[in-house]
Structures are given as C-alpha cells and as structure tokens.
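My request is simple: use the sequences and hints to build the entire structure.
What follows is the residue order along each chain.
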Amino acid sequence: MQMHGFLGRLADVLARQLLSWLHRRVEPGSREWLDALTAESECADDGWQRLRWALGGVPLVWTINQRRQMNEPTRGTMRALIVPGVANIAAIAGWYAVIIPATYVATHFLRCHLLFGNQPGGCQEHPFVFGAIAICGAVLGMIIALALRARFAAYWWAVFAVFNTVGSVWYLRSGIVDLPRYGATQSAMLMAATCGVVLAAIMRETPGTETDHGPSFLSRHRITAYLIAGTISFAMADSLIRMRDRHLVADNVNHYAVLGSAMFAAILAGLIGRHGSRLSAKGTIVRL
Amino acid sequence: MPRLPNTSPQTLSVLALLLESPRSWHYGYALSQVTGLKSGTLYPILLRLADQGWLETRWAEPEQPGRPPRHTYRLTGEGAKTARTKLAEAAPLRMTRRLASVPGSR
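Just so you know, the protein sequences line up as chains G and B, in that order. All residue numbers for the first sequence refer to this note's numbering, where the first residue is 16 and numbers rise by one. All residue numbers for the second sequence refer to this note's numbering, where the first residue is 1270 and numbers rise by one.
Worth double-checking, as some hints may not be accurate.
Stated by the list, open to error - In silico DMTMM-like links for lysine to aspartate or glutamate, alpha-carbon gap of 20 Å or less:
| id | chain 1 | residue 1 | chain 2 | residue 2 |
| --- | --- | --- | --- | --- |
| 1 | B | K1307 | G | D61 |
| 2 | B | K1355 | B | D1320 |
| 3 | B | K1350 | B | E1325 |
| 4 | B | K1307 | G | D50 |
| 5 | B | K1307 | G | D60 |
| 6 | B | K1307 | G | D27 |
| 7 | B | K1307 | B | E1358 |
| 8 | B | K1307 | G | E57 |
| 9 | B | K1350 | B | D1320 |
| 10 | B | K1355 | B | E1325 |
| 11 | B | K1350 | B | E1289 |
| 12 | B | K1307 | G | E47 |
Bear in mind the hints are in silico, worked out from the structure with no lab data behind them.
Following this line, the structure appears as structure tokens:
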C-alpha cells in the first residue's frame, strides 16, 4: 500500500515535471493550449492519471510548434533559410580553400609528401607541424563560422577540431603501428566526434524553445545532457571499433581516444550552442 | 485518397458531443472522459477546430480556490452548422457506431 502511494506520488511529480519541461518547449506567445491542458491536469484523480494526461502534451507541443512554423511569413522563412545557408556554405568551403593550400605549402617547405603511412618522407615525420595546421585550421574555421553566425559550419568545424586534436594526441602517443589499426581508430574517433556534436546540438537546440536563454552552460541539466551525449557517442563508436577488430579493444589508447572524442565533441557543441544563443538573445542571429 | 479535413472518427466524436449542447461550455477533461480520447489526441483536434473558427474558447474561473483558470469550449454558429453537415455526410454505419459510444452531454 505504501509502495502504491509512493509510486502514485512519483507519477505525480513526473507529470508536473513533464508539463513544466513542455512549457519550456513552446514560445510564450503560443502557450494557450498547453496552459489549457496543464490546467485540466488538476482534475486527474491520482498521479498516474495525471501522468497519462500530461503525456498528451507531447503531441500537442509538436502540433503547436508545427503550426507556429507554418504560420511564419514565407518571405521571412525564405530569408531565414537562405542567409544562414549561404553563410554556412561560405564558412565550410572558404575554409577548405585556406587549409588545403596551407597543407601543401607546408609539404613544400618541409620537403615531404602527403602520403599517409610509414613511407619515408611522409608527413608523419612532422607530426607537430601537420597536427598544428589541422587543429588550428579547424579551430579557426569554427571561430570564423561563429563570427559569420553560421552555426552549422561551426558544428562542422567542431567535429574536425575534436578529431584532429584527439587524433594528434593519439598519434604522438602511439605512432602509426599499422594502417588497419590506425584506420579503425580514426573511423571510431570521427564517428564519436560527429555523434557527440550532433547529439549535444540536438539536446541544446529544439526549435521554438526559450531554453537557450535559460540555464548556464555549467548547469546541472546541461552537464548531464553533455555527459549523456558523450556516453552514447562513445558507445556507438566503441561498437564500431569492436566490429572492425577485436584486438583493437585490447589497447586502452584506442578507448581513451574514442572516449575523449565523444566527450570533447559534446562539450564543444554545447559551447557553440551557448555562444549562438547569446547572439540570438540580442536578436542578431538567424538560427540554423 | 486523402481524408477530408475534420472527418476522422475522433474529430467526429468531439463534434458530436459538442453538438449535443452547442450553447454550453465544455471542459477538456470532461470531453476526454466522455469521448474516451487521450489528451494528446483531443487537444490537437480542439486546437485545429478553433483555428478554423469552428470552436469558441474562453478561460473560466476555477471552481476551487488555488486552481488555475480552466479553458472551455463550445461550437460557434458556423461551427455548429458545419459540424451538422459533416456528421450527416459521414458514413451511416460509422456514425451509428460513434454516436452510440457518446453518452449525453453535460
């Protein structure tokens, strides 16, 4: 009986938390129907009924946000798509136009070639130089993308900033023992970085929310979200590396590299979202 | 073939219930209890009907102190007229089944 009462109270708390969370998913001006649903939840006889009722808020919020998007003026919507779209393409393509020549210039001055592997005269003989180019390139690309308010491009470069940084550390720690080993770890690191950024970005930015202006980057909820994003990404990438070669798992360096990529990526994506939100709060950014 | 707007069994059951007493104000929770629709189905229907001008909404003072105001609904004149037409157009068999499941309005 006590257990039943406890579960009922738990359901009640969950229902209220869910409704409160859903309120943050809807813009203040569009909350009439969610407020209506919330008010009616008080009529529920017990916690479980209230929870069942509150769950109905999920499709309602989806409907409200869909309706809001459809009601936005077409011209504004087109502009909102085109302007940041161009900025994002420019931030991605433009930076490739800088980083690729920079890499070739480095090979020219260092008298090495870009063939990857253990061949003599390869770029692996200058890991600091090429690592620095790759890391600085991606980080600068990210900063430029943020300056252009092109957040998609910033996420793009965040993936490579993570991948290049962790990859460089991995290389300096282990060197290229053999290509299959390096290749599998690279794939897993890239996957972990991509998943980490994407998941953290999704957690960060739900369209039509006001959460971006809410808790700080270091709030308990945010940190939990980033940890979850990083852990899921690590698990996915770790599965990949296990499928590729079980022997790779025996080496902890691979694990640390993948874990580092996943966590670093999630945190970086959170920082990018935060920066974009500040711009957004000032009304100077078109979100993409 | 896409279905015509507002002809789903769920929407028809809401319309049928609202038509039982078109001038009375109805609460969302009561509508859900009587029609058997979950809140996640009922509220998007109500929202759409209100958007189309079929439904009039109003915030009512709470019956008990400390409770939030409640949202109430009733059909507009145009909504009631169109709802009657929609219900008449619906397949007789389905109508019989749906209306049989709707008890009298409050």
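Checked hints:
1. With a C-alpha separation of about 16 Å, the suggested pairing of K1307(B) with D61(G) holds against the 20 Å cut-off.
2. Note on K1355(B) and D1320(B): the hinted pairing holds, with a Cα-Cα distance of about 17 Å set against a maximum of 20 Å.
3. Straight-line distance between C-alpha atoms of K1350(B) and E1325(B) comes to about 14 Å, which keeps the hinted pair within the 20 Å bound.
4. Distance hint between K1307(B) and D50(G) is fulfilled; the C-alpha atoms sit about 17 Å from each other, no more than 20 Å.
5. Pair hint K1307(B) plus D60(G) holds up; C-alpha atoms about 15 Å apart against a cutoff of 20 Å.
6. A C-alpha spacing of about 18 Å is found between K1307(B) and D27(G), which places the hinted pair at or below 20 Å, so the restraint holds.
7. At most 20 Å may separate the alpha-carbon atoms for a hinted pair to count; K1307(B) and E1358(B) exceed this at roughly 25 Å.
8. Taken as a hint, the K1307(B) and E57(G) pair is honoured in the structure, with Cα atoms around 15 Å apart against an allowance of 20 Å.
9. Taking the CA atoms of K1350(B) and D1320(B), the gap is near 16 Å; set against the 20 Å cutoff, the hint holds.
10. For a cut-off of 20 Å, the pair hint linking K1355(B) to E1325(B) stands: about 18 Å separates their Cα positions.
11. Simply put, K1350(B) and E1289(B) have alpha-carbon atoms about 13 Å apart, close enough for the 20 Å limit, and the pair holds.
12. For a cut-off of 20 Å, the pair hint linking K1307(B) to E47(G) stands: about 19 Å separates their Cα positions.
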